[in-house]
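Undergrad: Sequence:
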Amino acid sequence: MDAANTPYDIDKVRADFPILAEKPYGKPLVYFDNGASAQKPRQVIQRMVHAYEHEYSNVHRGLHYLANAATDAYEAARESARVFLNAPASENIIFTRSATGALNTVAASLGQHLQIGEGDEIVLSIMEHHSN
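Residues in the sequence shown are numbered consecutively from 589, following the numbering used here.
FYI, nobody ran anything at the bench for these hints, they're computed from the structure. Treat the hints with care, as some may be off.
[Said to hold, decoys possible] Ranges of calculated distance between the beta carbons of each label pair, as one might list FRET restraints: (1) Tyr653 to Asn680: 27 to 35 Å; (2) Thr594 to Arg635: 19 to 27 Å; (3) Pro595 to Tyr662: 34 to 42 Å; (4) Arg685 to Gly650: 37 to 45 Å; (5) Ser678 to Ala657: 12 to 20 Å; (6) Tyr644 to Glu667: 13 to 21 Å; (7) Gly707 to Thr594: 33 to 41 Å; (8) Leu651 to Ile710: 20 to 28 Å; (9) Gly707 to Glu610: 46 to 54 Å; (10) Gly705 to Val601: 43 to 51 Å; (11) Ile598 to Arg670: 24 to 32 Å.
Idealized CB from N, CA, C, for every residue including glycine.
Using the sequences and the hints, build the whole thing.
TA: Written out as structure tokens, the structure reads:
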């Protein structure tokens with residue numbers, strides 16, 4: 589059986605997200621607003637706490653110990669993403685603040701490359717998020 593056909597253990601997945609232990613109105617929390625604010629699994633929360641407690645500083649902008657630690661952690665995350673996505677180089681991995689920020693970066697890049705200009709139209713469906 590390959591990964592695509594492996595049964596999904598929803599209870600195991602939910603257990604990774606501490607906030608899903610909340611029981612509003614006495615029922616298990618179900619959260620569908622991930623486009624606005626995705627909930628974080630325990631592993632991400634723990635890594636964020638570690639970063640805030642031990643490495644938090646500006647990335648690629650300082651020569652002091654904490655800036656170097658933050659930069660090393662940032663570049664390690666970029667390399668992990670590269671391996672996971674099978675990208676040819678870590679320079680191909682770009683982190684943005686949000687999906688909207690990422691889409692804006694792609695749109696700006698395409699606009700320059702495709703020479704989209706005044707009078708051109710880009711058609712989107714009504715299902716697109718208003719910020720995109």
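Undergrad: All the hints need checking, so say for each whether the structure fits it.
TA: Hints and how they fare:
no. : hint                         : result
1   : Tyr653 to Asn680: 27 to 35 Å : holds (29 Å)
2   : Thr594 to Arg635: 19 to 27 Å : holds (26 Å)
3   : Pro595 to Tyr662: 34 to 42 Å : holds (36 Å)
4   : Arg685 to Gly650: 37 to 45 Å : violated (20 Å)
5   : Ser678 to Ala657: 12 to 20 Å : holds (18 Å)
6   : Tyr644 to Glu667: 13 to 21 Å : holds (20 Å)
7   : Gly707 to Thr594: 33 to 41 Å : violated (50 Å)
8   : Leu651 to Ile710: 20 to 28 Å : violated (43 Å)
9   : Gly707 to Glu610: 46 to 54 Å : holds (51 Å)
10  : Gly705 to Val601: 43 to 51 Å : holds (46 Å)
11  : Ile598 to Arg670: 24 to 32 Å : holds (30 Å)
The earlier numbered hints that this structure contradicts are 4, 7, 8.
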